[in-house]
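Colleague: The primary structure of each chain is shown beneath.
Protein chains: 2
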Amino acid sequence: MENRDLIEAKRGKEVESYHHMNIAVVDSKGDLLYHLGDPEHKIYARSSMKPLQAIPLVETGAADYYYFSDADLALCTASHNGEPMHTDRVISILKRAGLDDSYLRCGIHNPRWEDTYRKLILEGKEITSLYNNCSGKHSGMLVTAKYMGESTEKYYELEHPVQQRILSVISEVCDYPKSEIAIGVDGCGVPVHALPIKNLAYGFARMAKPNIFDDKRKYAVECITNAMVSAPEMVGGTNRFCTDFMRAGKGRFFGKAGAEGVYCIGDKETGLGIAVKVLDGNGRASSPAAVEVLAQLGLLNNNQLDQLKKWHYPKLFNTRDEVIGELNPIFQLNKTVNA
Amino acid sequence: MENRDLIEAKRGKEVESYHHMNIAVVDSKGDLLYHLGDPEHKIYARSSMKPLQAIPLVETGAADYYYFSDADLALCTASHNGEPMHTDRVISILKRAGLDDSYLRCGIHNPRWEDTYRKLILEGKEITSLYNNCSGKHSGMLVTAKYMGESTEKYYELEHPVQQRILSVISEVCDYPKSEIAIGVDGCGVPVHALPIKNLAYGFARMAKPNIFDDKRKYAVECITNAMVSAPEMVGGTNRFCTDFMRAGKGRFFGKAGAEGVYCIGDKETGLGIAVKVLDGNGRASSPAAVEVLAQLGLLNNNQLDQLKKWHYPKLFNTRDEVIGELNPIFQLNKTVNA
Numbered sequence: 044m045e046n047r048d049l050i051e052a053k054r055g056k057e058v059e060s061y062h063h064m065n066i067a068v069v070d071s072k073g074d075l076l077y078h079l080g081d082p083e084h085k086i087y088a089r090s091s092m093k094p095l096q097a098i099p100l101v102e103t104g105a106a107d108y109y110y111f112s113d114a115d116l117a118l119c120t121a122s123h124n125g126e127p128m129h130t131d132r133v134i135s136i137l138k139r140a141g142l143d144d145s146y147l148r149c150g151i152h153n154p155r156w157e158d159t160y161r162k163l164i165l166e167g168k169e170i171t172s173l174y175n176n177c178s179g180k181h182s183g184m185l186v187t188a189k190y191m192g193e194s195t196e197k198y199y200e201l202e203h204p205v206q207q208r209i210l211s212v213i214s215e216v217c218d219y220p221k222s223e224i225a226i227g228v229d230g231c232g233v234p235v236h237a238l239p240i241k242n243l244a245y246g247f248a249r250m251a252k253p254n255i256f257d258d259k260r261k262y263a264v265e266c267i268t269n270a271m272v273s274a275p276e277m278v279g280g281t282n283r284f285c286t287d288f289m290r291a292g293k294g295r296f297f298g299k300a301g302a303e304g305v306y307c308i309g310d311k312e313t314g315l316g317i318a319v320k321v322l323d324g325n326g327r328a329s330s331p332a333a334v335e336v337l338a339q340l341g342l343l344n345n346n347q348l349d350q351l352k353k354w355h356y357p358k359l360f361n362t363r364d365e366v367i368g369e370l371n372p373i374f375q376l377n378k379t380v381n382a
Numbered sequence: 044m045e046n047r048d049l050i051e052a053k054r055g056k057e058v059e060s061y062h063h064m065n066i067a068v069v070d071s072k073g074d075l076l077y078h079l080g081d082p083e084h085k086i087y088a089r090s091s092m093k094p095l096q097a098i099p100l101v102e103t104g105a106a107d108y109y110y111f112s113d114a115d116l117a118l119c120t121a122s123h124n125g126e127p128m129h130t131d132r133v134i135s136i137l138k139r140a141g142l143d144d145s146y147l148r149c150g151i152h153n154p155r156w157e158d159t160y161r162k163l164i165l166e167g168k169e170i171t172s173l174y175n176n177c178s179g180k181h182s183g184m185l186v187t188a189k190y191m192g193e194s195t196e197k198y199y200e201l202e203h204p205v206q207q208r209i210l211s212v213i214s215e216v217c218d219y220p221k222s223e224i225a226i227g228v229d230g231c232g233v234p235v236h237a238l239p240i241k242n243l244a245y246g247f248a249r250m251a252k253p254n255i256f257d258d259k260r261k262y263a264v265e266c267i268t269n270a271m272v273s274a275p276e277m278v279g280g281t282n283r284f285c286t287d288f289m290r291a292g293k294g295r296f297f298g299k300a301g302a303e304g305v306y307c308i309g310d311k312e313t314g315l316g317i318a319v320k321v322l323d324g325n326g327r328a329s330s331p332a333a334v335e336v337l338a339q340l341g342l343l344n345n346n347q348l349d350q351l352k353k354w355h356y357p358k359l360f361n362t363r364d365e366v367i368g369e370l371n372p373i374f375q376l377n378k379t380v381n382a
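Protein chains in written order, with our numbering: chain A, 44 to 382; chain B, 44 to 382.
Derived from the structure by calculation, the hints contain no laboratory data.
Please note that the accuracy of each hint is not assured.
No copy is singled out in the list; a pair is fine if it fits within one copy or between any two copies.
What the hints assert, rightly or not - Below 20 Å or equal to it, Euclidean Cα-Cα: the simulated SDA-like pairs (lysine to any residue) are:
#	residue 1	residue 2
1	K56	A338
2	K162	L210
3	K85	E369
4	K56	P220
5	K85	D74
6	K56	S222
7	K85	H63
8	K311	S273
9	K168	E157
10	K261	Y160
11	K53	H63
12	K311	S222
13	K72	I255
14	K53	G326
15	K168	T362
16	K53	N346
17	K168	D158
18	K162	H152
Extracted from the complex, chain A is given alone in its bound form:
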């Protein structure tokens, strides 16, 4: 296999399938330092935008008004498992704003966390929006609307001030014209934003070194990234890459996955921002790609690489719990030659 732009899914000795990625590594000055494939590729950022989507929650003053803790704020950036620690906190956040989970408009899916799902079945309870992996994000949006005296009914619509503020923040933080951001509908019903990969990386780079922003935004960004790295279990949950990654990162890295193979990282130490898009959309390739990029950039020590091994080279198991293959990143980042 000549093509180096990929991750192999190996079964035994043979490569069974493979994934291509586009990757951008940008510094907080906005320079593209490394790339793979096409860093200009415009992609739906999906849930990787959740940390930015929480900026208005803090900037408006809503988060402080409702006594948001780090864990509360981290949950508002989450694609959570639906474990009790997540759903209990969603209820708590909404209650403080005089709301409850009936206000959530994120739709319904089986909780990611098996035990939660089993418990609901055993107790004959309905699966509600509370268990939706985006219920934290939606809670942040609802609480902001409530605080601002805006309607809590249609907060998910593009025209609603909550979504308009988010759109502006994404445009400003990622330094990409609002008119160029393509809007689609996300898995949970709110607008989803398409930007070039390098702009996503730049947004995360700026969030890693937020002095570039005015005081209000700097404060908001710091609250959010500090919350994510302080309460990583909120952002994903048990056995989730975001959580394990930020735990291993010990406060230095913040990261967020997006559906369809998106992963974004900010490094508070170097101010680097990284954005990965798996071109076929398969999320299984996101974590090997993300860890491999960090490894190639020399940003993880051996201990951290060890901790993240299961995400770097995910094993493929069969139903007899036998290891029958693995995902193996074999790509090489290109150092970008800037004109």
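Chain A is fixed; fit chain B onto it per the hints.
Modeller: What follows is chain B alone, placed relative to chain A:
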């Protein structure tokens, strides 16, 4: 997007992700008529080999000895949902051979059929191998071992006569040297076979026109393909492509999916065999690819295309049940120029 070798996953107006395929269309003389990408690509055929894996079950005489009906035989080629119609029949098949589901070594996974899963939880029952989507295939293997007086303990091991017979059948039907077939371990613990895509297509073409085989094999192949098209609900189940496809095919087409984006079809009328491999392994692209190939070859009438529309252009839904995108095959098969 210049590249025509693909299926687009569209969200709103933008292409979010895309899938590349390798495809071979071979006639029963063995000529490669059409292709996409690399038809020589050697791939793990995965469950698409299940119809061939059932040939020894009939050839040895086991199926007739144990009074196998069409539905029984179809189930032995299945990646079934684990609906009651499937699991009841697995029990019945095994019972006739003096066995029960404790003999199954296919490992455990949550039943694909949600209602079965919920029922097991509510009744406090364990999920056992019975519910594994391969339990029909494993039942066929067990029954054959029992009939032949072979061990029912290690029937899943490559060295066991059951697996050796299967390996020979695959080699002979697909006309590919046994020594060249790469062996890996399948999701359910038995050997899985890697052959070039064009040989998989050739195998299905020959099964579509089995006069090429000796009487014993011809009989076995006809029993199996007739069983699949007579009892398509056994091969997959409710809301499954294999089932819906063979229903629409009205006895003319037999088809079988394999994990990691594999799909194989035989057309009893033209004797054509088709094999599709989605290169990144995403099964969501299998059915759009399969239907699109048949459409381009002019093998489906408008009524059938209509019936299969949801598989041809699968809609993408969000958790609010809104349609937010679709999978859209935009590839064009190449007519193969034979030297």
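Colleague: So, for every hint listed, does it hold in this structure?
Modeller: Status of each hint after checking the structure:
1. In this assembly of identical chains, K56 and A338 lie within 20 Å of each other by CA distance neither inside one copy nor across copies; the values are 25 Å within and 36 Å between.
2. Taking the shortest alpha-carbon separations for K162 and L210, neither the intra-copy value of 38 Å nor the inter-copy value of 44 Å comes in at or below 20 Å.
3. Only between protomers do K85 and E369 lie at most 20 Å apart by alpha-carbon distance; the minimum there is 18 Å, versus 29 Å within a single protomer.
4. In this assembly of identical chains, the alpha carbons of K56 and P220 lie at most 20 Å apart only when taken from different copies (18 Å versus 47 Å within one copy).
5. Taking the shortest alpha-carbon separations for K85 and D74, only the intra-copy value of 18 Å comes in at or below 20 Å, while the best inter-copy value is 42 Å.
6. In the homo-oligomer, the alpha carbons of K56 and S222 lie at most 20 Å apart only across protomers (15 Å), although the nearest pairing inside one protomer, at 49 Å, exceeds that limit.
7. Proximity of K85 to H63 under the C-alpha cut-off of 20 Å is found in both arrangements, the shortest distances being 15 Å within a copy and 19 Å between copies.
8. In this homomeric assembly, K311 and S273 come within 20 Å of each other (Cα to Cα) only inside a single copy, at 14 Å, whereas the closest approach across copies is 62 Å.
9. Both within a single protomer and between protomers do K168 and E157 lie at most 20 Å apart by alpha-carbon distance, with minima of 15 Å and 16 Å respectively.
10. For the homomeric pair K261 and Y160, neither the shortest alpha-carbon distance inside one copy (39 Å) nor that between copies (48 Å) is at most 20 Å.
11. In this assembly of identical chains, the alpha carbons of K53 and H63 lie at most 20 Å apart whether taken from the same copy (15 Å) or from different copies (18 Å).
12. Taking the shortest alpha-carbon separations for K311 and S222, neither the intra-copy value of 30 Å nor the inter-copy value of 54 Å comes in at or below 20 Å.
13. For a Cα distance limit of 20 Å, the shortest separation of K72 from I255 inside one copy, 9 Å, qualifies, whereas the shortest one across copies, 69 Å, does not.
14. Taking the shortest Cα distances, K53 and G326 sit within 20 Å of each other both inside one copy (16 Å) and across copies (17 Å).
15. In this assembly of identical chains, the alpha carbons of K168 and T362 lie at most 20 Å apart only when taken from different copies (18 Å versus 29 Å within one copy).
16. Proximity of K53 and N346 under a CA criterion of 20 Å is satisfied in neither setting, with 26 Å inside one chain copy and 41 Å between copies.
17. When the C-alpha separation of K168 and D158 is checked against a cutoff of 20 Å, the pair qualifies both within a copy, at 13 Å, and between copies, at 15 Å.
18. In this assembly of identical chains, K162 and H152 lie within 20 Å of each other by CA distance both inside one copy and across copies; the values are 15 Å within and 18 Å between.
In this structure, the earlier hints numbered 1, 2, 10, 12, 16 are contradicted, and the remaining ones agree with it.
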